[in-house]
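*Asks:* Residue strings, one per chain:
Protein chains: 2
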Amino acid sequence: MIPARITVATLGAHDMPAMRGFYRGLGWREKDGSSDGFASFLLEGAILALFPFEHLAADGHVEAPARTTGFRGTTLAINVESREEVDAVIAELRALGARITKEPEDAVWGGRSSYFSDPEGNLWEVVWAPHTSFDEHGRFVW
Amino acid sequence: MIPARITVATLGAHDMPAMRGFYRGLGWREKDGSSDGFASFLLEGAILALFPFEHLAADGHVEAPARTTGFRGTTLAINVESREEVDAVIAELRALGARITKEPEDAVWGGRSSYFSDPEGNLWEVVWAPHTSFDEHGRFVW
Chain A
1 MIPARITVAT LGAHDMPAMR GFYRGLGWRE KDGSSDGFAS FLLEGAILAL FPFEHLAADG
61 HVEAPARTTG FRGTTLAINV ESREEVDAVI AELRALGARI TKEPEDAVWG GRSSYFSDPE
121 GNLWEVVWAP HTSFDEHGRF VW
Chain B
1 MIPARITVAT LGAHDMPAMR GFYRGLGWRE KDGSSDGFAS FLLEGAILAL FPFEHLAADG
61 HVEAPARTTG FRGTTLAINV ESREEVDAVI AELRALGARI TKEPEDAVWG GRSSYFSDPE
121 GNLWEVVWAP HTSFDEHGRF VW
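Protein chains in written order, with my numbering: chain A, 1 to 142; chain B, 1 to 142.
Just to be clear, a hint being listed does not mean it is correct.
Which copy is meant is left open, because identical chains are indistinguishable; a pair holds if it fits in one copy or across any two.
As the list claims (entries may be wrong) - List of simulated lysine to any residue pairs, SDA-like, C-alpha gap at most 25 angstroms:
hint	residue 1	residue 2
1	Lys31	Thr74
2	Lys31	Thr101
3	Lys31	Arg67
4	Lys31	Ala66
5	Lys31	Glu63
6	Lys31	Gly70
7	Lys102	Glu30
8	Lys31	Val62
9	Lys31	Gly110
10	Lys102	Asp135
11	Lys102	Ala88
12	Lys31	Glu103
13	Lys102	Asp32
14	Lys31	Ala107
15	Lys31	Asp87
16	Lys102	Glu63
17	Lys31	Val108
18	Lys31	Thr69
Hints are computed from structural coordinates only; laboratory data are not their basis.
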C-alpha cells in the first residue's frame, strides 16, 4: 500500500536567506536546526521545507532547469474558517509585504479565494470553502 | 496571524485523465465529485488536488508558461515509519509503473530516501527519518 499522505512540501529556493526571511516574517515557526542549507517550518497538515533549488533536483536525481521565474505549476493552499478570514489574512499579508496576485473574490463554487506569491513566485491560495470543517489542529475533517 | 498550515497541494496537470489514473492507481481515494475538470484525493496531512495547468495559473491570476517538462522546483514527501518501509513502498511503486528517479539509499543525515515521479515530472520523496513519530492519522507529532 502506498501511504496516502503528504508529510512535507519542499520548495526549491534560489535565495535561501530571502526565502527564510519571508516565511519567518509570516510568523511561522522554524524548526530548530534550520539553516540556509535546509530550513523547515512546523505547519499543521504538512511541513514546509526550503532547500536550494539545484540541491533539491540533485536530491531527486533529476536535472535542474535554468532558473525558473513565474508560475511553477504547483500551488499550496491555506484553508481558513470563514469568508471574512480570507480578507483579513490577505490584508495582513499585504501589510507584511507579500505580493497579492489575486484579491479575495467569491468563487463560482460558493467559496472565497485569493492568492499570494512568495519572493520566488511560489503561489499560495488563501481560501474559504463552505461545508468544510477542521479539527483542533486546523486540519480537514472528512 | 497567518494560519500556519498547508491544507491542499495542487498540481497543475497537462493531461488530467492520465494524472487521475496515475494517482488512483496508487490506491488513493478520490473525493466524490472529482472529474477531469478538478480532482482531489483525501490524503492525510493535506489534500492532493489536480487542476488543468492553465486553469491553475489563471485561478491565481498569473501567466502560465509554455508547457513545462522535468523538474518544477517543488517536491512532496511521504514519510514512512521504518527504513525497510522505504524499500517496500518503492518496490510497490515500481510494480505499479511509477518512474523511480532515485532508488532508496541511506542519507548522510541518518535516514533513508528515494524519489518517484508522476507522469508529468512531479517528484515525490519516499523517506524515513529517525527520531520522527506519527499520530494515528500518519501525521507528524512535534
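*Asks:* Given identical chains, is Lys31 near Gly110, meaning Cα to Cα at most 25 angstroms, within a copy, between copies, both, or neither?
*Replies:* between (36 angstroms within a copy, 18 angstroms between copies)
*Asks:* Please work out whether the CA atoms of Lys102 and Glu30 approach to 25 angstroms or closer within one copy, between two copies, in both situations, or in neither?
*Replies:* neither (27 angstroms within a copy, 28 angstroms between copies)
*Asks:* Which holds for Lys31 with Gly70 at a C-alpha limit of 25 angstroms: within a copy, between copies, both or neither?
*Replies:* neither (28 angstroms within a copy, 30 angstroms between copies)
*Asks:* Between copies, within a copy, both or neither: which fits Lys31 and Glu103 at Cα up to 25 angstroms?
*Replies:* neither (31 angstroms within a copy, 28 angstroms between copies)
*Asks:* Evaluate Lys31 and Thr69 at a C-alpha cut-off of 25 angstroms and name the case that applies: within, between, both or neither.
*Replies:* neither (27 angstroms within a copy, 32 angstroms between copies)
*Asks:* How would you label the pair Lys102, Ala88 (within, between, both, or neither) given a Cα cut-off of 25 angstroms?
*Replies:* within (14 angstroms within a copy, 43 angstroms between copies)
*Asks:* Should Lys102 paired with Asp135 be assigned to within, between, both, or neither, using CA atoms and 25 angstroms as the limit?
*Replies:* neither (28 angstroms within a copy, 36 angstroms between copies)
*Asks:* Treating 25 angstroms as the Cα threshold, decide for Lys31 and Ala107: within, between, both or neither.
*Replies:* Only across copies: Lys31 and Ala107 sit 20 angstroms apart there, 35 angstroms inside one copy, limit 25 angstroms.
*Asks:* What label fits Lys31 with Thr74 when the C-alpha limit is 25 angstroms: within, between, both, or neither?
*Replies:* both (24 angstroms within a copy, 20 angstroms between copies)
*Asks:* Between the shortest in-copy and the shortest cross-copy C-alpha distance, which are at most 25 angstroms for Lys31 and Val62: within, between, both, or neither?
*Replies:* neither (27 angstroms within a copy, 31 angstroms between copies)
*Asks:* Have a look at Lys31 and Arg67 and pick one of within, between, both or neither, based on CA distance no larger than 25 angstroms.
*Replies:* Neither: 27 angstroms inside a chain and 35 angstroms across chains, both beyond 25 angstroms.
*Asks:* With 25 angstroms as the alpha-carbon cut-off, assign the pair Lys31 and Thr101 to within, between, both or neither.
*Replies:* neither (28 angstroms within a copy, 28 angstroms between copies)
Hint compliance for this structure: hints 2, 3, 4, 5, 6, 7, 8, 10, 12, 13, 15, 18 are broken, all remaining hints hold.
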